[in-house]
Amino acid sequence: MSEPSSQMIVFDDVSKFYGEILGVNRVNLSIAPGITSLVGPNGAGKTTLMNLMTGLLKPTRGAISILGVSPDEPEELFRKVGYCSQFDSFPRGVTGREFINMFLSVYGYAKGESDELTMKALERVSLTEAANKRVAAYSKGMRQRVRLAQSIAHNPSVLILDEPLNGLDPMARAETIRLFRQLADEGLHLVISSHILHEVDMMSDSVVLLNNGYVVAEGDVHGVRDEMEEHSMQILIRCDKPAALASRVFGEDQVVEARLHEDRHGLFIKTRDADKFYLLLNKIVAEGLVSVESVTPVDDDLSAVYQYLIGSETEGSRI
Amino acid sequence: MSSRAETVVMEKTAKKSHWTLWRRQVASILRLEVGKNFTGKRSILIYLLAMTPVLIMTALVSVHYDDIRMNFGEASVIFANLYEGMILRTVVFFGCAWIFMNLFRGEVVDRSLHYYFLSPVKREVLVAGKYISGLFTSIILFGVMTALCIFLIYLPLGYSGAMNQIFSGPGLNQILTYMGITVLACIGYGAVFLVIGLFFRNPIIPAILLYGWEFINFLLPPMLKKLSVVHYLHSLTPVPIPEGPFAIVTEPTSAWLTVPGLIFVTAIVLVLASFRIRRMEIKYGSE
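Taken in sequence, the protein lines are chains A and B. Counting from 1, position 72 in the first sequence corresponds to residue 72 in this note's numbering; the numbering is continuous, with no gaps. To convert a position in the second sequence, counted from 1, into this note's numbering, add 319.
It is worth saying that the hints were derived from the structure and are not from the lab. For glycine and all other residues, C-beta sits at the position ideal for the given N, C-alpha and C. There's no promise every hint is true.
To be verified - Quick look at which bits of chain A chain B covers, simulated, 3 or more residues with Cβ under 8 Å:
no.	region
1	52-59
2	83-92
3	101-113
4	284-298
As the list claims (entries may be wrong) - Which residues of chain B face chain A? A partial, calculated answer using Cβ under 10 Å:
no.	residue
5	T339
6	G359
7	I363
8	S431
9	V440
10	R442
11	N492
12	T496
When you get a sec, could you build the whole thing from the sequences and use the hints?
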């Protein structure tokens, strides 16, 4: 049975143009609770859709409703919605705790209540130890997590997350995905943008594929997985001993190629099975062979997979 | 209780809780913004600007210490010129421009405005909170600056001479009027610059144009004179100063019209700002 619109995120014929340039065009979507991933290469329209949902952008045409509330009513909308955007900027000089607390105070929470919510949110993203450090001293991954904490601190029913796993190390990625699953199981709507298909596969209940501002496919995630397994993906690992890591992983079945980065502080890995590779990497890190600074799936190969999917769509198949 | 009576009670409670929430939100915004205004990287310029008249006044008083003591009437006229020409038309004008235009524009430049836009705050409440914070900052800063300048001009009179001038002469009235004009200037210019900061990507150009308009105000015909902030403030000054041979002299507007008029215009400008901010989008990349 379909859910009432007061429990759905609804895009009704939504278009957004930036002058002459197309952002998204004629988007019709109904998003149910659970994890929905917006997938597409850079410039596909993922962030535009998210900014439209949260009222940061106004649609040129059409209407959006988030659990029955229009994005034009921020005073109601953001009681229900949390948005972790990609804007990596923070008020100057604040600590992680102050950052979350100051905006909770703007929500209207009393001091004691906002303190409690702040600590709970920091705990959920495993950032309690760094709570009193200045955000300016945080690593990229920590900044990502503190933004995530800020977006969930007021216990929203809808969580919109723009590339939330960018810059996180493997452990933090796994923990964060676990947190997303937990929130989805609690009945929240999670709308997550990503161009990392294997992560989409791991966590999503449904996907929306975007290309050049159009929704080219939407539906359940299993179809995407089948397509992905035929393609290798490339990962960049920033670590202290990339050469040692290369020789350690090269013999593994799932690793197709290992190549040192030009600056010799990173290693490109091509793998057929990213999940298995991440498990292997966790093991290597636990053994103490290398100290990993960051793990970033590289665009190009994912775009290739994506292009493959888009090709399938234009030939008439539906995921 | 009948259902109608219950409905009325519920509506009243909801309205009351709205006001309570808005008051809390304005107070929170005020706390955050005042902190930024006084200690942020942009505050240095304001401090320098506010110190300038005090330094000039210090130099003036130290050079003409005895002249001021001997002829305070003339010193009052010199102060009036300095107040209108420099404090009001330059320091308060550009100080307000910097403080109020940066309330929104500065956040766009710093890419941090979205945090407010992603909070459950009515955009009108955000405008009110930001405006009040700008007002608080500018009134404190320029109020203290005006007070210091007044203190310096009274310094050569000594304690008893100054007290005599203030309480037995026109001093108290003049001091209160100058302070009041500074406050009104912050209210009026603040609202204008808040709106300019919302409508223009590069607000410096409209600010300079406005400065030019305010500067040539004495040359304008009476109708056009009224389309400026400085005309009303000039009408209030306690020591009239000549505006030169080319000035078109008009009847000064009475304080009873000036003060509510300026506040009314400020309210209209703030409503305009609220309309603007409801339609505002966050597109940092294109700024």
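I'd like to know which numbered hints this structure contradicts. Please list them from smallest to largest. Those not satisfied are hints 4, 7, 11 and 12.
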